[in-house]
Amino acid sequence: MTTALEKTTAAKDRLVPGTPLLEVRDLHVEFKTRDGVAKAVNGVNYSVAAGETLAVLGESGSGKSVTAQTIMGILDMPPGRVTAGEILFRGQDMLKMSNEQRRKIRGRKIAMIFQDALSSLNPVLSVGYQLGEMFRVHEGASRKEAKAKAIELMDRVRIPAAAQRVNDFPHQFSGGMRQRIMIAMALALEPDLIIADEPTTALDVTVQAQVMDLLAELQAEYHMGLILITHDLGVVADVADKIAVMYAGRIVETAPVHELYARPAHPYTKGLLRSIPRLDQKGEELYAIKGLPPNLYKVPAGCAFNPRCDVATDLCRTEIPALHQVTDRDGAELAGRKSACHLWKETLHG
Amino acid sequence: MAEPILEVRDLVKHYPLTQGILFKKQVGAVKAVDGVSFTLDKGETLGIVGESGCGKSTLAKVLMNLERATAGQVLYKGEDISRLSGPALKAVRRNIQMVFQDPYTSLNPRMTVGDIIGEPFEIHPEVAPKGDRRRAVQDLLDVVGLNPEYINRYPHQFSGGQRQRIGIARGLALKPEIIICDEPVSALDVSVQAQVINLLEKLQTEFELSYMFIAHDLSIVRHISDRVGVMYLGKLVEIGTDAEIYDHATHPYTQALLSAVPVPDPTGREGRERIILSGDIPSPANPPSGCRFRTRCWKAEERCSTEVPLLAVPEVLSGGARHDSACHFAAEREVAAAS
Chain A
-16 MTTALEKTTA
-6 AKDRLVPGTP
4 LLEVRDLHVE
14 FKTRDGVAKA
24 VNGVNYSVAA
34 GETLAVLGES
44 GSGKSVTAQT
54 IMGILDMPPG
64 RVTAGEILFR
74 GQDMLKMSNE
84 QRRKIRGRKI
94 AMIFQDALSS
104 LNPVLSVGYQ
114 LGEMFRVHEG
124 ASRKEAKAKA
134 IELMDRVRIP
144 AAAQRVNDFP
154 HQFSGGMRQR
164 IMIAMALALE
174 PDLIIADEPT
184 TALDVTVQAQ
194 VMDLLAELQA
204 EYHMGLILIT
214 HDLGVVADVA
224 DKIAVMYAGR
234 IVETAPVHEL
244 YARPAHPYTK
254 GLLRSIPRLD
264 QKGEELYAIK
274 GLPPNLYKVP
284 AGCAFNPRCD
294 VATDLCRTEI
304 PALHQVTDRD
314 GAELAGRKSA
324 CHLWKETLHG
Chain B
769 MAEPILEVRD
779 LVKHYPLTQG
789 ILFKKQVGAV
799 KAVDGVSFTL
809 DKGETLGIVG
819 ESGCGKSTLA
829 KVLMNLERAT
839 AGQVLYKGED
849 ISRLSGPALK
859 AVRRNIQMVF
869 QDPYTSLNPR
879 MTVGDIIGEP
889 FEIHPEVAPK
899 GDRRRAVQDL
909 LDVVGLNPEY
919 INRYPHQFSG
929 GQRQRIGIAR
939 GLALKPEIII
949 CDEPVSALDV
959 SVQAQVINLL
969 EKLQTEFELS
979 YMFIAHDLSI
989 VRHISDRVGV
999 MYLGKLVEIG
1009 TDAEIYDHAT
1019 HPYTQALLSA
1029 VPVPDPTGRE
1039 GRERIILSGD
1049 IPSPANPPSG
1059 CRFRTRCWKA
1069 EERCSTEVPL
1079 LAVPEVLSGG
1089 ARHDSACHFA
1099 AEREVAAAS
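Protein chains in written order, with this note's numbering: chain A, -16 to 333; chain B, 769 to 1107.
In short, the hints are calculated from the structure, not lab data. Worth double-checking, as some hints may not be accurate.
If the Cβ cut is set under 10 Å, some of the chain A residues that face chain B in the computed set are [as the list claims (entries may be wrong)]:
1) Y29
2) A32
3) E42
4) F72
5) A245
6) I303
Yeah, the Cβ is synthetic: ideal placement off N, Cα and C, and Gly gets one too.
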């Protein structure tokens, strides 16, 4: 008996590493609230290809999660509103699609892993039921088939004794195991792209290492694209291919991972890297970026980082810097490197 | 050498597990802290690291006497404070204060900053006489780098980093000698963490404070600590100076913990050797026999399940590896240090 389920799985074409998957172009998102309009995302551009890991680095309120939610189409609107921009998935603008079309992409083509597995799972349904739901809803599988698939998935994310635990409830699993179930759920329909929003922030370091390892392994196997949203400079250095640094709703710098850590081209990135405690600085004062992250209702004029910047000039206080292509000393373009700083040359080469 | 300001001897905190409603009987205990000993010198910072559930926060609560110790002693300047109550306890608490992890929930949203920081003076009026309190609070705000004019504002008007400064000001109000910091920066943004760490270090020099610094961020702990203790499932498994722990760790758990920390530098990441521990931390209600780490340890042998390893200097080791470690097979391993 061939079921609908087996057909769709067989028809799934393998991803070729390097195929462009997603491109976000000049995205603007704002929230209308009682206190005014909060400009959460003010022109974000990034792209990710199959087999590639893009890390979106930023502090709370930098707009990194709002961008991800907009891509997934799970942003509450209202109060949220996309005021400009395009989100191209395999060349098609998802913002112009009908709800019906978007639902077909969500889960099947693009899946998301959330930070807090405990509050993302339904506490009154068994994990097997919740995993199986993906197959029942999207692929019309029967309950029995769905359960078999759920066990297979739990095996794949290395949950011990999956067949015995499939009927357990979320609270019976540890934090690391719950996050594995979230990963299994995201993987269920073998999506092209996974967006992981702070997937390990709630976990302990030894468990974090297990989960990041698992993600990397699965990515190597399926060649899916991965957008990793995090504030952890260590995790980024471990797994990312390229990085987009966000500040106050804008991309301030993009670069391949090694170059970003070696030679940042934006004062904010430079400041973040300098504030990591280093061995040779023991007993000395840490470098700290002065001031506070900006208020999104009142983003500073000009470059949003200027009040906290060590090198800001009058130009920075009046004019919003464009995302400049970064070049080396001889003027040759550095691939994938952009910086939204008027003084990127001085920052990079100085 | 001078007498330590705080000495902890075989501290135990068990939470009873009971069954039955009318006739409660104890069926077991969650062994949150199970025999911990260490000392803290004046002006010193002792870092305590470990994963969630290892008992580090319970340890802080027992030291503060917010929870009664089940057994063991906490000696403050030679006097056991773990059994004190009433006025005697109140007097001792003046000298040991705490800064909490979450600056969003540890400040009362209905009190002004002035009331929050001034509240310790209500309990210990001898520190600041009534007429002087407003000035004293403003001085404290100034010390922690906040504008003294903010005295009438409410916590929600401040950012996370500023709130943590308010929490620190409250901790400083009674001019304590010891401050226990329970994850003081983990709720803060990366760019703000460094500011708070710098503030804590500045205050330590200024007021000759002793810190017990509980955190899970190993690079921050290394930066601020003179000595570091590693906890696992209610026990200290290793303790030593920061260099001994980070560069010459001899306990397998410490080694695994250090290697699991992502290094914020992508150079050579492909070649980095990492110990990936299998499984999760066992339940503290039912810890493994013998060495508690043996269920996740790659070195475990027969002996580990029967004999509890004591926290002592392993005699066979030399150099930086000569520090307290609770492992039968303590030995150094090349680990990529968390810089």
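Hint-by-hint comparison with the structure:
no.	hint	result
1	Y29	violated, 19 Å
2	A32	violated, 19 Å
3	E42	holds, 4 Å
4	F72	violated, 28 Å
5	A245	holds, 8 Å
6	I303	violated, 21 Å
The structure fails to meet hints 1, 2, 4, 6 from the earlier list, while all remaining hints are met.
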